[in-house]
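Asks: As a plain string of letters, each chain reads:
There are 2 protein chains.
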Amino acid sequence: MVTIGLDMMGGDFAPAEAAKGVAAFLDENKEAVHLVLIGDEQQIRDQLNQYHLPADKFSIVHASQVIGMHEHPTKALKEKQQSSIAIGFHLLATGKTNAFISAGNTGAMMVGALFSIKAIEGVLRPTIGAYMPREDGSLGLLLDVGLNSDCKPENLHQFAILGSLYAEHVLKIANPRVGLINLGEEEGKGNLLAQAAYPLLKENHDLNFKGNMEGRDILINKADVLVCDGFTGNVVLKLAESIYDIVKRRNIEDEHFERFNFETYGGVPVLGVAQPVIIGHGISHALAFKNMINIACRMNATDLTGKIRERFAAAGSIV
Amino acid sequence: MVTIGLDMMGGDFAPAEAAKGVAAFLDENKEAVHLVLIGDEQQIRDQLNQYHLPADKFSIVHASQVIGMHEHPTKALKEKQQSSIAIGFHLLATGKTNAFISAGNTGAMMVGALFSIKAIEGVLRPTIGAYMPREDGSLGLLLDVGLNSDCKPENLHQFAILGSLYAEHVLKIANPRVGLINLGEEEGKGNLLAQAAYPLLKENHDLNFKGNMEGRDILINKADVLVCDGFTGNVVLKLAESIYDIVKRRNIEDEHFERFNFETYGGVPVLGVAQPVIIGHGISHALAFKNMINIACRMNATDLTGKIRERFAAAGSIV
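So the protein sequences, as listed, match chains A and B.
Counting along the first sequence from 1, when you hit position 31 you're at 31 in my numbering, and nothing is skipped either side.
Counting along the second sequence from 1, when you hit position 25 you're at 25 in my numbering, and nothing is skipped either side.
Hints are supplied without guarantee of correctness; some may be wrong.
[Claimed, not checked] Derived lysine-lysine pairs resembling DSSO-like cross-links, with alpha carbons at most 27 Å apart:
1. 189/A x 75/B
2. 210/B x 172/B
3. 222/A x 248/B
4. 307/B x 172/B
5. 152/A x 189/B
6. 152/A x 189/A
7. 172/A x 202/A
8. 152/B x 152/A
9. 118/B x 189/A
10. 189/B x 80/A
11. 96/B x 80/B
12. 189/B x 118/A
13. 189/A x 78/B
14. 189/B x 75/A
15. 210/B x 152/B
16. 152/B x 189/A
17. 222/B x 152/B
18. 202/A x 189/A
19. 248/B x 248/A
20. 75/B x 96/B
21. 30/B x 96/B
22. 189/A x 80/B
23. 75/A x 96/A
24. 307/A x 96/A
25. 189/B x 78/A
26. 118/A x 75/A
27. 222/B x 210/B
28. 96/B x 20/B
29. 222/B x 248/A
30. 30/A x 96/A
[Said to hold, decoys possible] Pair ranges (Cβ atoms, derived):
31. 185/A x 135/B: 27 to 33 Å
32. 78/B x 306/A: 54 to 60 Å
33. 294/B x 185/A: 30 to 36 Å
34. 187/A x 188/B: 34 to 40 Å
35. 1/A x 203/B: 54 to 60 Å
36. 138/B x 258/A: 25 to 31 Å
37. 74/A x 154/B: 29 to 35 Å
38. 135/A x 205/B: 43 to 49 Å
39. 245/A x 202/B: 26 to 32 Å
40. 69/A x 78/B: 52 to 58 Å
These are computed hints drawn from the structure, not numbers from a lab.
For glycine and all other residues, C-beta sits at the position ideal for the given N, C-alpha and C.
Produce the complete structure using the sequences and hints provided.
Replies: Pasting the structure below:
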């Protein structure tokens, strides 16, 4: 039985949309999944009452506090021990749940992922990725998108390994192709970081490394896993998100640009930590919550963290 | 009399489109501008023959060699002394022309701009900018977009000064607003570079600094001048360029996304060097060539390099 913790108080439309997402998930899933819904018990019950949910599929853990979207992450996590995020990480760290999902304060989720639960042995820095939609209907995984604003070459190398394992096991892409985000295609191009990361990626024969990828390659299907420092990745992600806003404002109806609605992907996985953690977008609606629960299920079903652990153990120290 | 050098052999459609652009420019401009057209004389004459151009408005300087789009920049510039780019920089460096424009090998143009002509005293690193179209019809200037892949905080500070002077004098934006590309809005956010650049920008009261700008702010009108390292800027520019390609492939007709056709802007100015240099896009058509000549005219008419020189001299050493 997989037990998944969900912060019901996170996101701009919580708990209503979280509850709706839970109902949609339980409606579709007859698998052996148990949801632990964390937040204000009364509010959660009020919301869930409108759905007819199987009582054995979920339980509620009361949290009397909420970390606001604009609170200082470290300070809030420390001072609000009874918040849904703090309790969510506590349940995860003590083995009461097998995954934790929140669309709440992103900074608090990052701090919690880094400090409440452990990084997998050998992983220098956990990372977060985001999906990049391509015209052919496929998805690329860009990482890091903001957890590590300054990176060393060995971090980028590890992001490639973590992203490849995620792409293989969760996205079901066989032998995923890895690209290094760079300002030119040729080997030897780049800033000092990219130049130094290139040989590490090239020499690791467990990776299907396809070389440098330019900005123009991000939205086409040239690589499945795109690695860069978290500063560049964050700017790219938010720029791509803003394209969707522009398309909407201009009343453009287009199937492909619909896929720039990052909300539908349901959040970005934190990779390299001992348990699955998924950080949702603040504007998450029911679909996003449902999708996040599904991703957490797949990360568990495929034992992604176990596979990451094995890979890093087998390689000794991967740098 | 302003004399502008133009590489007729640069770009994918040279010399035909360059010649067409020259004709369009001369057709519209009755000002005191003289064009120096550099390249294979016979080819240039064959192209120009189809237009009825005033003979006193241009002259041709023969160049027997061409630097190909994929040649190694430094090597090619050194070995092909009779190439249109090498001759163009020679004419500029010796005062025979007041500006130089090419849509040829970008790397060779960068190397030429950095080494054939001098940086203005006090400018640590010249930079290249690119226009970012915004929904309200305005243009932002993003810099650096690839000349400086690794930057120090003082470089970003100088890019802000150079970009502000360009925005004020060439784009005619009074008191241009400056933004620092970053992964969060709040002061203190960012990688080490952005964190260290922030106070330099904030404390320079000649700049109209508006704080950090996220990826989502690049395509909206929050700042006129957006500064970042050339690695991030290059990835952003090429990603934005690729949006236009996607829009075209999907047959979306939209006035705003038409403005993502970066070709129409006619190239990016190199700022901080002693003479105006404009680097065109390889796919430049006639419109791009005409626009580049216009930008060079405006840079001369407003004495932009003189104004940059004054600002850097007045400030002693700006870091």
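Asks: Next step is simple, just say for each hint if it's right about the structure.
Replies: Against the structure, the hints come out as follows:
no. : hint                      : in the structure
1   : 189/A x 75/B              : holds (16 Å)
2   : 210/B x 172/B             : holds (19 Å)
3   : 222/A x 248/B             : holds (19 Å)
4   : 307/B x 172/B             : holds (14 Å)
5   : 152/A x 189/B             : holds (19 Å)
6   : 152/A x 189/A             : holds (17 Å)
7   : 172/A x 202/A             : holds (23 Å)
8   : 152/B x 152/A             : holds (17 Å)
9   : 118/B x 189/A             : holds (25 Å)
10  : 189/B x 80/A              : holds (23 Å)
11  : 96/B x 80/B               : holds (20 Å)
12  : 189/B x 118/A             : holds (25 Å)
13  : 189/A x 78/B              : holds (20 Å)
14  : 189/B x 75/A              : holds (16 Å)
15  : 210/B x 152/B             : holds (20 Å)
16  : 152/B x 189/A             : holds (19 Å)
17  : 222/B x 152/B             : holds (24 Å)
18  : 202/A x 189/A             : holds (14 Å)
19  : 248/B x 248/A             : holds (17 Å)
20  : 75/B x 96/B               : holds (25 Å)
21  : 30/B x 96/B               : holds (21 Å)
22  : 189/A x 80/B              : holds (23 Å)
23  : 75/A x 96/A               : holds (25 Å)
24  : 307/A x 96/A              : holds (21 Å)
25  : 189/B x 78/A              : holds (20 Å)
26  : 118/A x 75/A              : holds (20 Å)
27  : 222/B x 210/B             : holds (8 Å)
28  : 96/B x 20/B               : holds (24 Å)
29  : 222/B x 248/A             : holds (19 Å)
30  : 30/A x 96/A               : holds (21 Å)
31  : 185/A x 135/B: 27 to 33 Å : holds (31 Å)
32  : 78/B x 306/A: 54 to 60 Å  : holds (56 Å)
33  : 294/B x 185/A: 30 to 36 Å : holds (32 Å)
34  : 187/A x 188/B: 34 to 40 Å : holds (37 Å)
35  : 1/A x 203/B: 54 to 60 Å   : holds (58 Å)
36  : 138/B x 258/A: 25 to 31 Å : holds (27 Å)
37  : 74/A x 154/B: 29 to 35 Å  : holds (30 Å)
38  : 135/A x 205/B: 43 to 49 Å : holds (47 Å)
39  : 245/A x 202/B: 26 to 32 Å : holds (28 Å)
40  : 69/A x 78/B: 52 to 58 Å   : holds (56 Å)
No hint from the list above goes unmet by this structure.
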